[in-house]
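Visitor: So you can see what is in the structure, the chains are spelled out below.
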Amino acid sequence: MICFMFPGQPLTHDASLPADADFMEIAALAKDRTGLDLASFTWSSGAHTEQVRLQVYGVAMSLHRLRLLLAEGIRPAVVAEHSMGIYPALVACGSVGEGDALEMAFRAGECMERRFRGREYALGCVIGLTEQPLAAISATNGVYPANVNTSRHFLLAGPRAGIEAACGEAAAAGAFSASVFPCDAPLHTPLMAEIGPDLEAIFSDYGYREPCIPLMEHIGQTTLSAARIPAFLVEELCRPVYWERTYRALRTLGATTFREVGVAAALTKFNRWIDSET
Amino acid sequence: MSDELIPKVKQMIIDSLRIEGMSPDEIETDAPLFGEGLGLDSIDALQLVVAMEKDFGVVVPDAATGTKVFASVRSMAAYIAENRK
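Protein sequence lines correspond, in order, to chains V and S.
The number in my numbering is simply the position in the first sequence, starting from 1, with 840 added.
The number in my numbering is simply the position in the second sequence, starting from 1, with 23 added.
Hints were generated in silico from the structure; no laboratory data involved.
Just to be clear, a hint being listed does not mean it is correct.
Facing chain V, from chain S, some residues (calculated, C-beta under 8 angstroms) [unchecked claim]:
id : residue
1  : Gln34
2  : Arg41
3  : Glu43
4  : Gly44
5  : Glu59
6  : Leu61
7  : Ser65
8  : Val72
9  : Gly80
10 : Val81
11 : Ala86
The beta carbon of each residue, even a glycine, is placed where N, CA and C say it ideally should be.
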């Protein structure tokens, strides 16, 4: 059983873009629906943060990879998503079109950029500690676990000062790596509830078809119906991503082959780690 | 001494990182493992830390040590030779 896994926002942008006709179509769609010119990585009008650019870029790259896999005749029996990978995952399931997926990612990103402007947030990637000590460090510093990717790989989110302090404490407590990354908003934390109504308004603008392929969500590991999708799109930005649980649930469901549909191979590496502990 | 470990270290990298379609001979002994070399990242580093402990009984205690140890296959082999029990 093949599973297509859609990763979240990439941390960096690779300037060497694909040059095939499929990518040209997706790039044109991205420019039309979001204003981002992927070739120059600039906006045709207005100005948005690097994070918004990376969100649109990540969706575009996933959509391109999806097209290539489908053109090769590779079809998933189940689809899974991590964080903002939900938008191209909805395309893979036939629930929304490519243009809507790009636009939703852009509008959600623009909303976060605008509503949290003037406040400093950050992400902290901590590798090597287990969940319990990291939860204590997070609570002490007023930040939250945003991604529970494996037993030893976590992303924290919250105010920058708290993230920097938490990463320092994590390193002192024996983390193999603790790195701070910029972000526009406290993604996947309860702090996002502040903009919940804005996000609800955005996602209610779109129509969602019933997924034609089961789509497993990363919070409770259930499959999404069309009726649940708009609420999930808001909820998933306010709650942590539980990747290890999701991967194990996919395995239990019968998935045997996993194809990562996007930039880099983070999910594949998480899976490798989880398998090594099984 | 550490040169004898080089083929074993290469095989450990392939096995622990599940690198498909690559033989130990294709990994350059002195090439950087991270970034431009094999393109490994911090997730891979932790996997290598666990593999080194399991296969050779050698501990890499922190990222600063890891940066030096994982510079190349040769540096990994040297660290194992110096620290194995």
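Visitor: Report the numbers of all earlier hints that the structure fails to satisfy, in ascending order.
Guide: Structure breaks hints 1, 3, 4, 5, 6, 9, 10.
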